[in-house]
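Chains as they are written, first to last, in this note's numbering: chain A, 1 to 235; chain B, 1 to 251; chain C, 1 to 233.
Don't take every hint at face value.
[Claimed, not checked] Taking lysine-lysine pairs in the DSS-like style, the calculated list, with each CA pair at most 25 Å apart, reads:
| id | chain 1 | residue 1 | chain 2 | residue 2 |
| --- | --- | --- | --- | --- |
| 1 | A | Lys-55 | C | Lys-45 |
| 2 | B | Lys-183 | B | Lys-122 |
| 3 | B | Lys-183 | B | Lys-18 |
| 4 | A | Lys-223 | C | Lys-219 |
| 5 | B | Lys-71 | A | Lys-125 |
| 6 | A | Lys-216 | C | Lys-45 |
| 7 | C | Lys-219 | A | Lys-55 |
| 8 | A | Lys-125 | B | Lys-72 |
| 9 | A | Lys-125 | B | Lys-122 |
| 10 | B | Lys-183 | B | Lys-203 |
[Stated by the list, open to error] The following residues of chain C were derived to be distant from chain A, with all beta-carbon distances above 12 Å:
| id | residue |
| --- | --- |
| 11 | Pro-18 |
| 12 | Leu-29 |
| 13 | Ile-30 |
| 14 | Leu-34 |
| 15 | Val-60 |
| 16 | Pro-98 |
| 17 | Gly-128 |
| 18 | Gln-129 |
| 19 | Leu-138 |
| 20 | Thr-139 |
| 21 | Ile-147 |
| 22 | Ile-149 |
| 23 | Val-154 |
| 24 | Val-197 |
| 25 | Ser-212 |
| 26 | Lys-223 |
For the record, the hints were derived by calculation from the structure and aren't laboratory data. Bear in mind that the values here come from a model prediction, so they are computed numbers and not experimental data. Each residue gets a CB set at the ideal place from its N, CA and C atoms; glycine is no exception.
Take a look at the letters that make up each chain.
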Amino acid sequence: MEKYFDASYIWNSIPVLLPFLKVTFLVAGSSIVLGTIFGLLLAAAKLSSVKLLQKLANLYTTIMRCTPSIVLLFLVYYGVPALAENVGINLHSIETAIFVVVTFTLQFAAIMSEVIRSAYLAIPKGQFEAAVSVGLTPIQAYRRIIFPQALVVALPNFGNGMIALLQEGALAYTIGLIDIVGKANLIIASNINAHALEIYIALAIVYWVLSIIIEKFFAMLEKFFGKGKKTLETT
Amino acid sequence: MLEIKNIHKSFGNNEILKGVDLAIDKGDVVVILGPSGSGKTTLLRCINFLENADQGNATFGDIQVDFQHVKKKDVHAIRQRVAFVFQNYNLFTNKTALENVTEGLIIGRKVPKAQAIEIGKKALDKVGLSEKYDAYPSQLSGGQQQRVGIARAVALNPDIILFDEPTSALDPELVGEVLQVMKNIAAEGTTMLVVTHEMGFAKDVANRVIFMDGGVVVEEGSPHDIFVNPKEERTKKFLKRVIPEDYTFYI
Amino acid sequence: MNYQFLLETFFVALSGVPIALLVTVVALLIALPLGFLLALTRINKIPVIHHLAKIYVSFVRGTPIIIQIFIMYSSIPLMLKIIFEKYNINYDIYKINPIWYAFIVFAFSTTAILIEVFRSALSTIEKGQLEAAHATGLTTFQAYRRIIIPQALVVAMPNICTATVNLIKATSLGYAMSLPEITLKAKVAANVGYNYVEAYIDIFIVYLILCSTVEFLFKRYEKHLSKFKAANA
């Protein structure tokens with residue numbers, strides 16, 4: 001009788017899958033960097049006194065928050081080339097990865113704008129006032145006093161955002177990206193769908209380990225940057 | 001040394017300062033008294049531009065400022081000469097006590113680090129915190145934090161130190177240590193402008209007392225003039241509320 | 001841009017909303033009480049269970065939901081087949097409506113999320129509340145029902161809103177289970193004439209309306225709850 005489930009398959013497929021983590025990391029990493037920059041601009045817009053900028057930034061965040069990743073992926077993948085066609089630019093030979101990065105940059109920026117905004121607001125105004133009172137210029141006050149404190153506040157949320165981005169990134173295979181999930185589906189297809197479960201479990205293990213590593217890394221960062229803060233007991 | 005004329009400040013439709021004049025000479029220890037909402041804190045905050053006054057002008061030594069047309073470099077210059085002690089201390093929570101004191105020196109005034117550290121340590125010694133150079137604000141009591149705040153102001157060697165209700169956020173038993181530090185500084189000849197409810201300090205240390213109410217200066221004079229011989233009704237009413245009936249001032 | 005298709009497909013996409021909502025509601029109905037109970041086991045450190053709960057939450061948060069769906073969809077039918085064969089139940093597992101799998105997968109995932117939500121909400125409730133309740137003669141059960149849970153809900157509400165919106169968005173992955181929800185229905189319609197752009201614009205709009213409505217309702221409810229809080233402050 002044919003074996004429905006072969007546990008050794010799980011361990012055997014991991015070495016085949018791991019090389020494709022490179023793609024996953026490259027795409028996720030680019031999205032994080034670009035998304036943080038864009039998110040910073042959005043946060044600045046939300047905190048500015050120009051009502052229009054505020055409204056636009058908030059509208060953007062709401063739209064991103066209400067759109068499933070897979071829908072955004074397809075919208076970007078089909079929609080952007082279609083728009084470009086109207087202007088006469090041919091985008092059909094662009095790497096799938098670019099579309100993936102664009103999609104997740106847009107998404108991550110929305111998350112980061114909230115993380116940055118709330119971290120900034122968490123710092124009491126008195127810190128800024130004291131800084132300028134001892135003679136720092138506003139820029140120096142932000143750089144040396146506000147930013148370091150805001151960073152510590154933002155760190156846990158940034159870590160969570162990163163982990164969430166990694167998970168959402170698993171959907172990139174749907175537009176054809178051959179990252180670790182894409183490769184897994186290729187293997188399954190070539191096996192005529194046999195042993196699919198084992199490969200999915202292998203994927204789950206890889207992602208799980210990655211997430212735990214990121215969690216521990218950020219916990220370490222929080223400890224390092226949080227000098228001077230009373231440590232809270234973790235339940 | 002510092003002269004303020006006709007300062008006005010409103011928050012929205014609420015006019016808090018309705019034309020206040022103030023003159024401070026070198027070595028003065030001036031205490032501003034008054035009920036809450038009288039504008040004392042706002043006045044202080046306008047002097048070092050934490051608030052932007054709507055109207056009026058100020059002369060600070062050789063610098064002249066019109067509050068309606070303030071220049072950034074004047075603000076910066078004045079902040080170099082004026083130090084501020086906050087009600088909520090506002091110590092930089094991500095820096096040690098010593099770093100708090102030296103921050104303004106190193107970054108604000110470009111003092112070399114080694115020299116700044118020396119000045120900082122001396123200032124912390126002066127307020128009685130020689131063992132706490134490397135403590136973070138979260139590790140200090142309220143009274144200790146405020147003393148660091150005072151050291152931070154003193155280290156800048158300013159022309160005048162502004163105190164905004166320095167003891168109001170402290171537990172009663174910690175008030176004394178901070179007042180003592182302030183007394184010591186006053187005795188050294190520092191020019192101080194203090195908003196406070198501590199009548200004892202006003203009586204013992206100040207050489208001038210100003211009573212404000214409703215955004216204007218109601219009465220001013222020496223402690224003896226204000227506490228023993230108040231002239232205005234409003235002053236008398238205020239003093240009655242804050243000082244027990246049978247208390248006699250010995251000045 | 002095929003505008004007629006755009007309009008037609010909008011309603012096709014809209015027709016998937018009931019299923020998406022049904023899955024969301026059922027998942028929440030299971031996940032809310034279950035998540036709350038497991039959160040309690042975490043806080044009170046009930047042996048064995050709280051360790052298992054910790055691993056469970058770590059797994060759900062550490063793996064992409066699409067992979068959880070793949071795993072469940074590959075394994076549950078298999079397990080059911082074995083159970084059916086053992087007990088001689090004559091039911092074709094391939095006839096089981098995919099919506100049942102959806103219920104299981106999304107309840108599984110949302111419970112884990114809510115465990116963390118309730119854990120942090122409960123930690124903000126002072127211990128004194130339970131002590132005071134005991135002191136006035138309430139049993140622990142009554143204390144939780146009348147004092148602790150209402151307070152925890154108020155604190156947790158924004159996060160429950162986020163979890164609900166995320167759940168609705170996650171139903172878009174129901175295609176992996178052949179669930180006839182919003183995305184799948186519109187995609188199927190689009191496959192006919194390759195009108196993908198129009199289809200995805202419609203899908204996008206439907207989710208936008210759905211999620212903003214849910215957020216709006218939650219905000220209204222939060223406001224109502226905060227009035228309740230202020231009255232008793």
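So, going through the hints one by one against the coordinates:
The straight-line distance between the Cα atoms of Lys-55/A and Lys-45/C is roughly 45 Å, outside the 25 Å bound, and the hint therefore fails. At most 25 Å may separate the alpha-carbon atoms for a hinted pair to count; Lys-183/B and Lys-122/B meet this at roughly 17 Å. Straight-line distance between C-alpha atoms of Lys-183/B and Lys-18/B comes to about 31 Å, which puts the hinted pair past the 25 Å bound. Our distance criterion of 25 Å between C-alpha atoms is broken by Lys-223/A and Lys-219/C, whose separation comes to about 35 Å.
Annotation: proposed proximity of Lys-71/B to Lys-125/A holds, straight-line Cα distance about 23 Å (limit 25 Å). Between the alpha carbons of Lys-216/A and Lys-45/C the distance comes to roughly 22 Å, so the proposed pair stays at or under 25 Å and holds. A distance of roughly 18 Å separates the Cα atoms of Lys-219/C and Lys-55/A; the hinted pair therefore holds under the 25 Å criterion. A threshold of 25 Å between alpha carbons decides the hint, and for Lys-125/A with Lys-72/B the separation of about 20 Å falls inside it, so the pair holds.
A distance of roughly 29 Å separates the Cα atoms of Lys-125/A and Lys-122/B; the hinted pair therefore is violated under the 25 Å criterion. Of the supplied pair hints, the one linking Lys-183/B and Lys-203/B holds, its CA atoms being roughly 12 Å apart against a limit of 25 Å. Remark: the non-interface label on Pro-18/C is consistent with the geometry, its nearest Cβ contact in chain A lying 17 Å away (cut-off 12 Å). The beta carbon of Leu-29/C sits about 22 Å from the closest Cβ of chain A, which is more than 12 Å, so the claim that it is off the interface holds.
In this structure Ile-30/C is separated from chain A by more than 12 Å, as the shortest Cβ-Cβ distance comes to about 22 Å. The Cβ of Leu-34/C sits about 19 Å from the closest Cβ of chain A, beyond the 12 Å cut-off, so the non-interface label holds. Consistency note on Val-60/C: stated as away from chain A, yet its beta-carbon is not over 12 Å from all of that chain's, at 10 Å minimum. Once the 12 Å rule is applied to beta carbons, Pro-98/C is consistent with being away from chain A; the minimum gap is 17 Å.
At the 12 Å boundary, the C-beta of Gly-128/C stays outside the reach of chain A, the nearest C-beta of that chain being 18 Å off. No beta-carbon of chain A comes within 12 Å of the beta-carbon of Gln-129/C; the shortest separation is about 17 Å. Once the 12 Å rule is applied to beta carbons, Leu-138/C is consistent with being away from chain A; the minimum gap is 24 Å. No beta-carbon of chain A comes within 12 Å of the beta-carbon of Thr-139/C; the shortest separation is about 25 Å.
The non-interface label for Ile-147/C is consistent with chain A: the shortest C-beta to C-beta separation is roughly 21 Å, beyond 12 Å. Its beta-carbon lying about 19 Å from the closest one in chain A, Ile-149/C satisfies the requirement of being farther than 12 Å from that chain. Residue placement check: Val-154/C keeps its beta carbon more than 12 Å from all beta carbons of chain A (closest about 19 Å). Here Val-197/C does not stay apart from chain A, with its beta-carbon only about 5 Å from theirs, under the 12 Å limit.
Distance check for Ser-212/C against chain A: the nearest CB is about 6 Å away, which does not clear 12 Å, and the non-interface claim fails. Against chain A, the non-interface label of Lys-223/C holds: every CB pair exceeds 12 Å, the least being about 18 Å.
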